[in-house]
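Combine both chains into one complex, guided by the hints.
For the record, the sequence lines run as chains Z and R.
Under my numbering, the very last position in the first sequence is 262; numbers go up by exactly one each time.
Under my numbering, the very last position in the second sequence is 293; numbers go up by exactly one each time.
Keep in mind that the hints were calculated from the coordinates and are not lab data.
Just so it is clear, CB atoms sit at the ideal spot from N, CA and C, and this is done for glycine as well.
Each hint can be trusted.
Distance windows between CB atoms, simulated:
| # | chain 1 | residue 1 | chain 2 | residue 2 | range |
| --- | --- | --- | --- | --- | --- |
| 1 | R | R292 | Z | S24 | 56 to 62 Å |
| 2 | R | V243 | Z | M79 | 28 to 34 Å |
| 3 | R | V243 | Z | G138 | 32 to 38 Å |
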Amino acid sequence: MSSTPHSVAVPILEVQDLTLLRGKQKVLDSVSFSIQAGSFVAVLGGNGAGKTSLFRVILGLESLKTGQVRVLGQEVKPGKASIGYMPQMRELVAGQFKGWNMVAAAFRGGVCGLPWYNQMCCAQVNAALAAVDALDLAHRPIATLSGGQQQRLMLAQAFLDDPRLLLLDEPLASLDHARRRDTVQRIYTYARTKEMTVLLSTHDMIPLQGFIDYILYLVDGRALLGRVEEVMTAQALTALYGTPVEVVQAGGHLFVVTKEGGDTLHSCACEG
Amino acid sequence: MLHYAFMRAAFMAALLISIVCGPVGWFLVLRRQSFASHALAHVGFAGATAALVVDQPALLGFGVGSVLSGVAMGAISYRVIGHDVIIGLVLSLAMGIGVLCLHFLTRSAHAAMSLLFGNILGVDTNTLWALFFLSAGCLVVLACIARPLLLATLQPEVAEAKGVSLRLINCIFLVLVAVATVECTQATGILLVFTLMVAPAAAIIRQGFSPIVGMVATTALAVGESWGGLVLSWYTSWPVVFWIAALGAVGFGISHGIVLLSLKRK
Chain Z
-9 MSSTPHSVAV PILEVQDLTL LRGKQKVLDS VSFSIQAGSF VAVLGGNGAG KTSLFRVILG
51 LESLKTGQVR VLGQEVKPGK ASIGYMPQMR ELVAGQFKGW NMVAAAFRGG VCGLPWYNQM
111 CCAQVNAALA AVDALDLAHR PIATLSGGQQ QRLMLAQAFL DDPRLLLLDE PLASLDHARR
171 RDTVQRIYTY ARTKEMTVLL STHDMIPLQG FIDYILYLVD GRALLGRVEE VMTAQALTAL
231 YGTPVEVVQA GGHLFVVTKE GGDTLHSCAC EG
Chain R
28 MLHYAFMRAA FMAALLISIV CGPVGWFLVL RRQSFASHAL AHVGFAGATA ALVVDQPALL
88 GFGVGSVLSG VAMGAISYRV IGHDVIIGLV LSLAMGIGVL CLHFLTRSAH AAMSLLFGNI
148 LGVDTNTLWA LFFLSAGCLV VLACIARPLL LATLQPEVAE AKGVSLRLIN CIFLVLVAVA
208 TVECTQATGI LLVFTLMVAP AAAIIRQGFS PIVGMVATTA LAVGESWGGL VLSWYTSWPV
268 VFWIAALGAV GFGISHGIVL LSLKRK
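Isolated chain R (complex conformation) (with noise of 0.2 Å):
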């Protein structure tokens, strides 16, 4: 199957959107801030419609959509954020704003599609070289970040004693979470993202490891889950998307019936 250029292309922006899907996951699922990366990409799906509509690079419109929703997350209080109602309200509204743009670009049912389900077969040359800057970038600054960040979720009052700025902080990585939401939904479109930057944070996180293995186990199950999605797909010539979703429950239940196995064992 590495034969042809597309699955070469396939498991190289795997491995990619996987490296940045894996740490910022980890901090994602320990901060409980899941439902971010998801409303990340709503927001982003009105952007990349909206560029669409003007010919712009979907990715392009992705990009601004969620980083800028990204920053305006962060700079708003964590109170705000955790109010349901007002998420509700602007994920819906950016999906309704996401339909009218598609609406008016009737030419191309193809690119809801794959913005909502992801292409991960049909990465080009050019989206191969977007992948490893994101990628290179997201990781150089996470690698700054990491230390004051992991205070900062764990003990934000002792954080902010160090001077820490929790806000700076919250905002900086949210930016993160937008970047990585963006790689992520080229794999795996808008409706999936859980899957790869969640389901694998979720399933090592239960294993209590340091902060550093933890961060590489992270990394390693997501490249897996999602080569594994790749090579199943291959052979049975059903979706990527599915397999690498089935997968991420599968890790997670593994995991979760580790825990359950050792708490018998005592």
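Pulled out of the complex, with its shape left as it was, chain Z reads as follows (with noise of 0.2 Å):
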């Protein structure tokens, strides 16, 4: 066997035995885990899980307890690893505002100086809405547009200053089913020509279904890695849970139950 330098697999982000704090409780429990360049990850879990939190871990903003984190094999540090951030959807200032200025406001915005759009920001900016077609949009005051548009403008900002990872925190949150799909078309074809890894966090996700190579699940600050077939077993999950779990097949889809009450998390269409 030869092995192409293709196949040969480089870790982009590894986390060791991290644990974060907030106050006594464990949000992140032991989390260990690694993840190739390249990969599109979906990381799963409830509200409450610690995806978010995850998140600002890997950008360096949280204070560990123990353990490391490494994008590119470099200790992380705020702004200085090459990631693009979208955080969840919340109200947005400045409604006056066209979209266009919002986006383009995150293009080296953490350069010191003015806010000047010189012609490589407008080229960026542009093909960054034009990934996730959202160039009309951008044209509008932000008070005009709806959640979902909002957030497709908030997709494009996460795409600028040519990231090698993309951490996109419930990117498909308000938007309904057709654009879910739709959108994670773009993410994929935009992160595979510009050689990107993904992690995206969903509660959902048949959307992503044919796209993801890994599945990262969170329970309780605790997490489990692996291919869609390794992580929703019941196996698997149980293990990670700390109680009995099922993985029921219904209508084509997958549902993860817990025995506390039909604890419904995910659903993902069958392999086969």
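Below, the structure written as structure tokens:
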């Protein structure tokens, strides 16, 4: 067997024995995993499972109790690593602004100077907007856009500055079903052409079917990384939850059901 | 009217003050921190009167008071600042201390009047130089932090991810607000800081210009309103501050009208 350079696995993200405390509560509990460059990873987990905290840790914004996080072999520091971040949706300020200006504010947004947008910046912003089909939206005031439309602008914003790693926190949350599938397709295509690694947190796995390489499943701050067929099994999830879990197949979808009152977390389309 | 040295000085002072109030006010309104300039002016008042009591220049006391409180505000998190009861208490305490100092300062009611309502027609050369250096320093610092400050305002989480310290940048910005407030009170007094700091910016921001255009337009409007106030005051002999406040309101009204009209046309 000969190995081509492409098959050499380069970990873009390494997390070792990570524990994060908020007060006395363990938000992330001895989490270890490593992700190869170019992967498309779905981050799953219920509310409060630690998805957003994990993203903030990868960005270097949290002080850890224990553990190490390396991006491209470097220990993380805010703004140092090449990471595109899309935070969870919330109300946007400056509704009178055109969407374009809101997006462009992130172009080298950490660098000192005036918010002056040169040709290169305009080209990059327009390319990012085109990638999420938001060029037309961007010329309207933010206040006139729907939640889903604002979300597409924020997604475009995460594409700026040529990141190697994309952290997308619930980028599908306020989209309708058709838009979800379309958005995942666009993220996938953009990430592939730019050779980006993607971590995308979501509650709904259906639109991701056929795109994802790995699932990172979080429960109460504990994590399990693997291929879909490795993670979405009763055995693996029972070990992760620490209580008996069933993975139920119904209507062509997989449902994760915990014993305490059928806490249906995620559904995903079955393999085969 | 430009034959008189005091009018020339007044126009110069109005220009120096407006070029700082424009961009700082633009960010202030965008960040929804308008109230901060009001608060800083009140604490500055206590500082100014205290300085007068110990025979120091009011401007110095004002500057120290409001810059220190700007730093303090920035150091404490947003959430505490948003607490209107605490702000109210601090403001009334500051005004109370100011009044106490004035009580000890029986010789000059004039000083109190010019602190409260401004005295742009009485600006001397020293004050003009002080304004020049304050404005220049303020603009240089703002030019350096404008880009991260804009992102921190629009998308705080993204700014953090790009290595911007929200706390630090808020702190620096509030110091700029404090300096701009100190300058502004020379023209409008403590009670009418809003007229130059907030009114032009509020009018321009409604128009949805891009950041640089918005800041320049705000500055132009601030210069226009303060100069307009001086001219109208010259011909009517009504107080300058009244005219600046009136023009501020008119400017905002016109801007609002333009927005309404453009909505109707659609």
